[in-house]
Amino acid sequence: MHIVEFQEPVQIEFRNITKLYGAVAAVNDLSLAVRRGEFLTILGPSGSGKTTTLMLLAGFVAPSKGDILIGGKSVAAVPSYRRDQGIVFQSYALFPHLTVRRNLEFPLEMRGMKPAERIKRVERILERVHLNDFGDRMPSQLSGGQQQRVALARALIADPPILLLDEPLGALDRSLREQMQVELKVLHKEFAITTVCVTHDQDEALTLSDRIVVMRDGRIEQIDAPEMLYDRPATRFVAKFLGEANILENPGFEIESDMVQPSGTVAMLRPERICVAPPASPKRADSHQRQSVIGTVADMIYAGPLRKYHVRVGSTPFVVREHVAAGQPVFRAGDEVRLEWLRSDVRFVSA
Amino acid sequence: MSIPQKLSLKPVGLAVPAFAILLAVFGIPMIRLFLTSLDAPAFSLANYEAFFRQGANVRVLFQTIEVSLVVTAICVIIGYPTAYLMASAPKNLRTALIVLVVIPYLTSLLVRTYAWIVILGDRGMVNNVLLELGLISSPLPLIYNRMAVYVGMVQIMLPLMILPLVTVMVSIDRSLVAAARSMGAQPSAAFWRVFFPLSLPGVRSGSLLVFVLCLGFYITPAALGGLRDAMLSTFIAAQVETSFNMARTATSAFILLGIAAVMLAIFGLDLAGTQGRAVRPMPESSWKPVRLLSAIKRFSNELAASYRAKRWNAKLYQASNIRRRTIARAVFVVSVMLFLLLPSVVVVIMSFSAGEFLTFPPPGISLKWYRSFFDDPSWTGAALTSVEIGVAVTILSTIVGTLAAYGLNRTSPKLRSILTLLLLAPITLPSIVVGISAYLGLLSFGLIGTKTGIALTHSLGAIAYVVVIVSATLASFDRRLEQAAMSMRAGPLQTFKRVTLPLIRPGIMGGALFAFLHSFDEVVKTSLVSGLSIRTLPLKMWENIRHEIDPTIAAVASLLVLLPVLWLAAIYVTWWRSRPSAEHALPDAAA
Ligand SMILES: Nc1ncnc2c1ncn2[C@@H]1O[C@H](COP(=O)(O)OP(=O)(O)OP(=O)(O)O)[C@@H](O)[C@H]1O
Ligand SMILES: [Mg+2]
Numbered sequence: 021m022h023i024v025e026f027q028e029p030v031q032i033e034f035r036n037i038t039k040l041y042g043a044v045a046a047v048n049d050l051s052l053a054v055r056r057g058e059f060l061t062i063l064g065p066s067g068s069g070k071t072t073t074l075m076l077l078a079g080f081v082a083p084s085k086g087d088i089l090i091g092g093k094s095v096a097a098v099p100s101y102r103r104d105q106g107i108v109f110q111s112y113a114l115f116p117h118l119t120v121r122r123n124l125e126f127p128l129e130m131r132g133m134k135p136a137e138r139i140k141r142v143e144r145i146l147e148r149v150h151l152n153d154f155g156d157r158m159p160s161q162l163s164g165g166q167q168q169r170v171a172l173a174r175a176l177i178a179d180p181p182i183l184l185l186d187e188p189l190g191a192l193d194r195s196l197r198e199q200m201q202v203e204l205k206v207l208h209k210e211f212a213i214t215t216v217c218v219t220h221d222q223d224e225a226l227t228l229s230d231r232i233v234v235m236r237d238g239r240i241e242q243i244d245a246p247e248m249l250y251d252r253p254a255t256r257f258v259a260k261f262l263g264e265a266n267i268l269e270n271p272g273f274e275i276e277s278d279m280v281q282p283s284g285t286v287a288m289l290r291p292e293r294i295c296v297a298p299p300a301s302p303k304r305a306d307s308h309q310r311q312s313v314i315g316t317v318a319d320m321i322y323a324g325p326l327r328k329y330h331v332r333v334g335s336t337p338f339v340v341r342e343h344v345a346a347g348q349p350v351f352r353a354g355d356e357v358r359l360e361w362l363r364s365d366v367r368f369v370s371a
Numbered sequence: 204m205s206i207p208q209k210l211s212l213k214p215v216g217l218a219v220p221a222f223a224i225l226l227a228v229f230g231i232p233m234i235r236l237f238l239t240s241l242d243a244p245a246f247s248l249a250n251y252e253a254f255f256r257q258g259a260n261v262r263v264l265f266q267t268i269e270v271s272l273v274v275t276a277i278c279v280i281i282g283y284p285t286a287y288l289m290a291s292a293p294k295n296l297r298t299a300l301i302v303l304v305v306i307p308y309l310t311s312l313l314v315r316t317y318a319w320i321v322i323l324g325d326r327g328m329v330n331n332v333l334l335e336l337g338l339i340s341s342p343l344p345l346i347y348n349r350m351a352v353y354v355g356m357v358q359i360m361l362p363l364m365i366l367p368l369v370t371v372m373v374s375i376d377r378s379l380v381a382a383a384r385s386m387g388a389q390p391s392a393a394f395w396r397v398f399f400p401l402s403l404p405g406v407r408s409g410s411l412l413v414f415v416l417c418l419g420f421y422i423t424p425a426a427l428g429g430l431r432d433a434m435l436s437t438f439i440a441a442q443v444e445t446s447f448n449m450a451r452t453a454t455s456a457f458i459l460l461g462i463a464a465v466m467l468a469i470f471g472l473d474l475a476g477t478q479g480r481a482v483r484p485m486p487e488s489s490w491k492p493v494r495l496l497s498a499i500k501r502f503s504n505e506l507a508a509s510y511r512a513k514r515w516n517a518k519l520y521q522a523s524n525i526r527r528r529t530i531a532r533a534v535f536v537v538s539v540m541l542f543l544l545l546p547s548v549v550v551v552i553m554s555f556s557a558g559e560f561l562t563f564p565p566p567g568i569s570l571k572w573y574r575s576f577f578d579d580p581s582w583t584g585a586a587l588t589s590v591e592i593g594v595a596v597t598i599l600s601t602i603v604g605t606l607a608a609y610g611l612n613r614t615s616p617k618l619r620s621i622l623t624l625l626l627l628a629p630i631t632l633p634s635i636v637v638g639i640s641a642y643l644g645l646l647s648f649g650l651i652g653t654k655t656g657i658a659l660t661h662s663l664g665a666i667a668y669v670v671v672i673v674s675a676t677l678a679s680f681d682r683r684l685e686q687a688a689m690s691m692r693a694g695p696l697q698t699f700k701r702v703t704l705p706l707i708r709p710g711i712m713g714g715a716l717f718a719f720l721h722s723f724d725e726v727v728k729t730s731l732v733s734g735l736s737i738r739t740l741p742l743k744m745w746e747n748i749r750h751e752i753d754p755t756i757a758a759v760a761s762l763l764v765l766l767p768v769l770w771l772a773a774i775y776v777t778w779w780r781s782r783p784s785a786e787h788a789l790p791d792a793a794a
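Taken in sequence, the protein lines are chains A and B. Position 224 of the first sequence, counted from 1, bears residue number 244 in this note's numbering, the numbering being contiguous throughout. Position 305 of the second sequence, counted from 1, bears residue number 508 in this note's numbering, the numbering being contiguous throughout.
Check each hint, because a few of them may be wrong.
[Claimed, not checked] Taking CB as the label site, the calculated pair distances span: (1) Arg352(A) with Ala382(B): 47 to 55 angstroms; (2) Thr370(B) with Gly91(A): 45 to 53 angstroms; (3) Gly42(A) with Ile469(B): 37 to 45 angstroms; (4) Ile602(B) with Ser94(A): 32 to 40 angstroms.
These aren't lab readings, by the way, just hints derived from the structure by calculation. Where a beta carbon is used, it is the ideal one built from N, C-alpha and C, also for glycine.
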């Protein structure tokens, strides 16, 4: 993760942006600042307003209220074709009637670049995305991954200061997606380009981003660096949306913590922070820092390198995840187990 | 805030030229006609009462509805199985069959009507063949009666039934039928319970189209029917010719319009809800026989279950049964295609006749009718006039119609559907009605009897065709391609020129084709607005068909048969040219 310096100036700013569709607020009073060179990801469930936010920035949708500033200037009156942004669309939007080369030349042509210079640039970027031999093909003759790289190349070729990505890897299969994540990260660093990316995919968001915005019903739920977001979610929604979470609401036992539980919050524990042990196993040396409870295994799911237990403590369900290791005891449904965790791992999230 | 708002207002503005023409030539005169029929400003229904008091009027009215209903029914009966077999055919064969259906559809209506005179006439094809075979001793009265009207109209309307049916049927998921069969439904039950209900939207839109267009038929019944087979359009035309009584004509026109509007309102207005309603099971009562039948079949099926394994073996050797059915199906489809293509073929053969009269098969072969066409300045002059008008109409309506379609495509769906409906009125409403209002409209601009006036009149329909076809192309156009272009600093005009236009070009070409063919085949409206001073080719042909039938018209007609074929070829070439690099790049990719 390359950390964006605090000194970097703000490049994009949303000021109290609201977008209404009829009575529905697709984006509701949203304020946000993105620094130069930052990779910001917008994450959220379907219908939370991610695409709308991106389209507002791109200028394809006009805000109902509020203002957007790019480089400190309002762009309310700037149409999309003067905003100087590279955009990668979810379906790539490659021009089907033009070859890869002509697709890549398009943004250069629109900026009035001379043919000789255009050809040079196209060759350079084709090389950069490993598509040297594909310049004369039509988009329909490329695989999904190749199309994706052409779309990325086309967005970057004119060196725009801002890159917008709408679910850029959504259409790729898993292994290709991971490969492209690495590629995207390298390109982002290389071009030092301010990037705003919309995605459904948590892994993608966690791997790529400097900061993640979690959206819900057109509002920002939390905005933070990936580690912070996962480790210290502010709300129950964020905790459940990013990874799995045990929400301990009236668990039937007292939750021990080093902190005082603020009012209006519930305790939250990540499944991988909990250990499973036989009920009578000896106490650990650091047991005074831990809390332990006795429960019954309801179910065990074996998932490759992981084992996932569903355990009931009284009426409270727990999910526990542990890495499979040699010599570890395996519990079956009905077994009695002891769950334990470090007090410092308990988080309080607003309900 | 004001700039985006202005931007969002802009698209509808592109439809302004189309609406300007529509209103000036058609809309405003229509309103005037309507007011006249109501005796405005006194406002009374006297004219309508007078219309219904006359027995002859009512008879013609019912006759019009009857003929339209019968033609629609025949089209469903022939069209449904044809479409079914076409939809089940392998893709290449299906495409070929669709082309065979489209070609007669694009062929001049006058030509096809004329062909039936050649086929059904006293010395025409059918009678001559029967006489030759000694089956009859004197010619049968095959023409100038109701039967001939049905034959001619069905041939003209059948493509309009088959095409929507095929579209709907192709989109029906065949695995649903397979699923029904896996649940024990016999093939026939699977068809009636699953496939048929799903295909009803196609039946409905096809029937509606055919029925409404039949209501306005003029040429074919007038040419093939007897004196007693007049339809309302013919009747109105006669009224106009003998004594142009505005109020009476307007009243008849609005009664005709009223029937069309009522049909559209009953069956057409909830077209949007078609899909949902079609899937709903039919009312119980109408399904009882079928259900009972399938229940009996299923029961006997159960009984037979133990024998089935053995029978399977036997079935493998029962291929001859299946082959017989395949042959029967092929014969059916081929007959329908022959019926559709027969007029064109007959006309082309006829044009090479060496005989003096309309005798089929021709007594010998010669080019004299082509010579007679090219040597007669009244024919060539008419052809030239038609080409001139056709080109003007094509250019005007392709530009105006494409702009309108583009603008409407970017408008809210509600406004879009209302405005589109208005633009389509000139091709949905009976031509005689459109013709009369165009006559009134042009009269106020002093354009009666001018080429400009005729071109404007033709543009009404031509714009409608362009709007329909270009809108369909735009509906499948990915708007994100335009956004992509804009994000690369292409302004709206650049985006349209470099991205949108190349991608919708096939649709525009198709629209241009329809615009030209529409203009090149128009008789009814043209005869009203030409003021007897301008002869277009169709007017001259129509005159010929009615008065002196000599085979020169066959030469003209066979040239007209070529027209749609040439256009289709041109469209195919542009379409193919638009992706040449795709063809070229493949070998590279392999290398
Ligand atoms: N053009 C539109 N007209 C009306 N409502 C719209 C329009 N575009 C979006 N909406 C509504 O605005 C809300 C936010 O939509 P948006 O597309 O931004 O969500 P999203 O977060 O991108 O969802 P997804 O993950 O499913 O793509 C939704 O309720 C949607 O129905
Ligand atoms: Mg979205």
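Evaluated hints:
1. Against the hinted window of 47 to 55 angstroms, the Cβ-Cβ separation of arginine 352(A) and alanine 382(B) comes to about 40 angstroms, which falls outside the hint.
2. A hinted range of 45 to 53 angstroms holds for the C-beta pair threonine 370(B) and glycine 91(A), which are about 51 angstroms apart.
3. With their beta carbons about 32 angstroms apart, glycine 42(A) and isoleucine 469(B) fall outside the hinted range of 37 to 45 angstroms.
4. Look at isoleucine 602(B) against serine 94(A): about 38 angstroms separates their beta carbons, and that is inside 32 to 40 angstroms.
Hints 1, 3 from the list above are not met by this structure, while the remaining hints are.
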